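Undergrad: Working from the sequences, and respecting the hints, build out all of it.
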Amino acid sequence: MSPKTLYDKIWDAHVAHEADDGTCLLYIDRHLVHEVTSAQAFEGLRMAGRKVRAPEKTIAVPDHNVPTTEGRDDPAQMTEESRIQVQALDTNAREFGVHYYPVSDVRQGIVHIVGPEQGWTLPGMTVVCGDSHTATHGAFGALAHGIGTSEVEHVLATQTLIQKKSKNMKVEITGKLKPGVTAKDITLAVIGETGTGGGTGYVIEYCGEAIRDLSMEGRMTVCNMAIEGGARAGLIAPDETTYAYVKGRPHAPKAGAFEQALEYWKTLFTDEGAHFDKVVTLKGEDIQPVVTWGTSPEDVLPITGVVPHPEDFEGGKVEAARRSIDYMGLTPGQKLTDIEIDTVFIGSCTNGRIEDFRAVAEVVKGKKIKDGMRAMIVPGSGLVRAQAEEEGLADIFREAGFEWRLAGCSMCLAMNPDQLSEGERCAATSNRNFEGRQGYKGRTHLVSPAMAAAAALTGKLTDIRELM
Amino acid sequence: MEKFETFSGIAAPMPLVNIDTDMIIPKVFLKSIARTGFGANLFDEMRFNRDGTEIPEFVLNKAQYRKSQILIAGDNFGCGSSREHAPWALDDFGIKVIVSTSFADIFFNNSFKNGMLPIVLPQEQVDVLMADAEKGENARMTVDLEAQEITTSDGDVIKFEVDAFKKHCLLNGLDDIGLTMEKEASIDAFEAKAGAARPWV
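Protein sequence lines, in the order shown, are assigned to chains E and G. Following this note's numbering, the numbering of the first sequence begins with 1 at its first residue and continues without gaps. Following this note's numbering, the numbering of the second sequence begins with 1001 at its first residue and continues without gaps.
Just so you know, not all the hints are guaranteed correct.
[To be verified] Label-pair ranges, simulated between beta-carbon atoms: (1) E:ASP12 with G:GLY1178: 25 to 31 Å; (2) E:TYR327 with G:ALA1189: 36 to 42 Å; (3) G:ASP1051 with E:GLY366: 43 to 49 Å; (4) E:ASP213 with G:ASP1188: 42 to 48 Å; (5) E:THR331 with G:GLY1178: 28 to 34 Å; (6) G:LYS1067 with E:ASP73: 43 to 49 Å; (7) G:GLY1037 with E:ARG83: 40 to 46 Å; (8) G:ASP1188 with E:ASP239: 32 to 38 Å; (9) E:GLY305 with G:PRO1122: 31 to 37 Å; (10) E:ASP12 with G:PRO1122: 31 to 37 Å; (11) E:GLU81 with G:ALA1185: 28 to 34 Å; (12) G:GLU1134 with E:PHE313: 21 to 27 Å; (13) G:GLU1134 with E:VAL306: 16 to 22 Å.
[As the list claims (entries may be wrong)] Calculated lysine to aspartate or glutamate pairs in the DMTMM-like style (CA-CA distance at most 20 Å, straight line): (14) E:LYS441 with G:ASP1175; (15) G:LYS1166 with E:ASP395; (16) E:LYS441 with G:ASP1127.
[Unchecked claim] From the structure, some residues in chain G lie toward chain E, with a derived Cβ separation under 10 Å: (17) VAL1059; (18) LEU1060; (19) SER1082; (20) PRO1199; (21) TRP1200.
I should point out that these hints are in silico values taken from the structure, not numbers from a laboratory. Treat the numbers as computed from the prediction; the structure is a model and nothing was measured. Glycine included, each C-beta is placed from N, C-alpha and C at the ideal position.
TA: In structure tokens form, the structure reads like this:
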């Protein structure tokens, strides 16, 4: 048998039907659902008189629209449209009988944090969601990617997706990371290297010592942004770190079944000599704490750098860079550490897990955020929030001057009341710095949690290594 | 889904690279639970001032491009989120065909599900179409999916590739779910087999 990549193995294990032209029906093990991209899909089922084929494999949770302030059960905290959307999910989840974590449930949170936390996401699975950051679940060695609403409806009705196989890409991060460098810096550095279109048509497998050394939280951060590099999905082969994380979670296999599952999971790795269509290698020790300066996640530079000149680029990127620099209100040649910020957002499916908050607490413990700074920490789930409170992190945040919020997507995409105003500039641990992403004419610099914490203290983009 | 028929239409030039889904339809408009009506807010932040007045420089606000049915765009069109509201908004506005050197994966798939045709061409050919689109409303291009050809206003013919299954679905206006349900026996068989091999799933 010819050697296979991890992606080949998961793919092969899920093909329910293959047509002569290679178009496949890929079976879906877990379907995650949130309120923004599902209403039209459920309505489609209703109009066609169809039901959800596998409600036991379908998990719904509202996250994008939900307010993150206390007393959010009060409907007045949401706009009329948000309320309708959340209520539609509520109705659909109950009517079609899928697993559901309503806003009032302590387990509610961002769909990509809730899935792994509850043990829904397991190695070797196929996982989809009407959300591009479904790539997050690839950290478990699960083939996970975002789909549109028509495909949500297709999966609800048939538990399959019509797919053609992507190509294989290997991203290897060799060696060790230097102090102050995190999973977020790895994933941004990779996009800086490949560009936002560099992964188009590929599924990425991340490997190498620096990836192996990451916790599950860190691996989720890396895979989360595979989509920002254009890849359909990101994958990391499961290992002892993965098994230890999964074991004992509410929906993970129990004793007996766990051992059987483990035996299978241990076969999920890329065989020696398997073919990759594209290979990118970065040295872990070369990666520095990075920030984005522009309005595309590929606009990445080490924090020690300066704002580039549009003429530094080629082709269509010259005009795009000019537009970005203008939108961001920057000057070519300006030092990145001279950029003043007024808002800090820590959270999202990229960096809203407990480890991220521990990193923030380490930086801000016993200190105060800069006067006038608006700094918000939004846990990825109610359980992350509870754990952070138990560990005393929440007290550290409050004492430092942060707003400590309830779980949701919040200012990552600003569909709820958490938004930037025109001209405000934010250091954010989220995943997209697009124009208007965090609010109309708002400006976003993507950073790691530790770098966001440092910026909250100094009021400027800051090299975390100077505070260590 | 409506069948994709050969048509001649106005093409609008949008040479900007990395046009993302947040530009195509900002999130404030994702709160509708309907599939229609998004065209009014297509490219909202690029197209309108905050007071709702039009930004005259934006291509789709120019008299000659207001009825565009084709978009000639820069590289990596549709990157970002999975929101199908992006193709819904383009479709609702009247755009049926988008040409670029590359598309983001999810946007590309979403477009086909809505009877739209995203076409990938090499840079040189996109440049030819971009130049043709710059001529304005008198430069109508013809898109023939059956023959896999775009004909410029000068009569130049550019061939394009398209996945055979997706082409078949577009030409016949086929509903994916209906097609897949015809293969229900395969899905049942897969579930039985996979359920035995991986009972914990």
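Undergrad: Next step is simple, just say for each hint if it's right about the structure.
TA: Hint-by-hint comparison with the structure:
1. E:ASP12 with G:GLY1178: 25 to 31 Å: holds (27 Å)
2. E:TYR327 with G:ALA1189: 36 to 42 Å: Roughly 53 Å apart at Cβ, these two residues miss the hinted range, so it is violated.
3. G:ASP1051 with E:GLY366: 43 to 49 Å: holds (47 Å)
4. E:ASP213 with G:ASP1188: 42 to 48 Å: Holds, since ASP213 (chain E) and ASP1188 (chain G) (Cβ atoms, about 43 Å apart) stay within the stated range.
5. E:THR331 with G:GLY1178: 28 to 34 Å: For GLY1178 (chain G) against THR331 (chain E), whose Cβ atoms are near 56 Å apart, the range 28 to 34 Å is violated.
6. G:LYS1067 with E:ASP73: 43 to 49 Å: Once the Cβ atoms are compared, 48 Å apart, the range 43 to 49 Å for ASP73 (chain E) and LYS1067 (chain G) holds.
7. G:GLY1037 with E:ARG83: 40 to 46 Å: violated (19 Å)
8. G:ASP1188 with E:ASP239: 32 to 38 Å: holds (34 Å)
9. E:GLY305 with G:PRO1122: 31 to 37 Å: holds (33 Å)
10. E:ASP12 with G:PRO1122: 31 to 37 Å: Hint holds: Cβ distance 33 Å, inside 31 to 37 Å.
11. E:GLU81 with G:ALA1185: 28 to 34 Å: This hint is violated: roughly 42 Å between Cβ atoms.
12. G:GLU1134 with E:PHE313: 21 to 27 Å: Cβ of GLU1134 (chain G) to Cβ of PHE313 (chain E): about 22 Å, so the range 21 to 27 Å holds.
13. G:GLU1134 with E:VAL306: 16 to 22 Å: violated (35 Å)
14. E:LYS441 with G:ASP1175: With Cα atoms ~39 Å apart, LYS441 (chain E) and ASP1175 (chain G) exceed 20 Å; violated.
15. G:LYS1166 with E:ASP395: violated (55 Å)
16. E:LYS441 with G:ASP1127: violated (31 Å)
17. VAL1059: violated (14 Å)
18. LEU1060: violated (17 Å)
19. SER1082: holds (4 Å)
20. PRO1199: holds (7 Å)
21. TRP1200: holds (4 Å)
Violated hints, in rising order: 2, 5, 7, 11, 13, 14, 15, 16, 17 and 18; the structure is consistent with all others.
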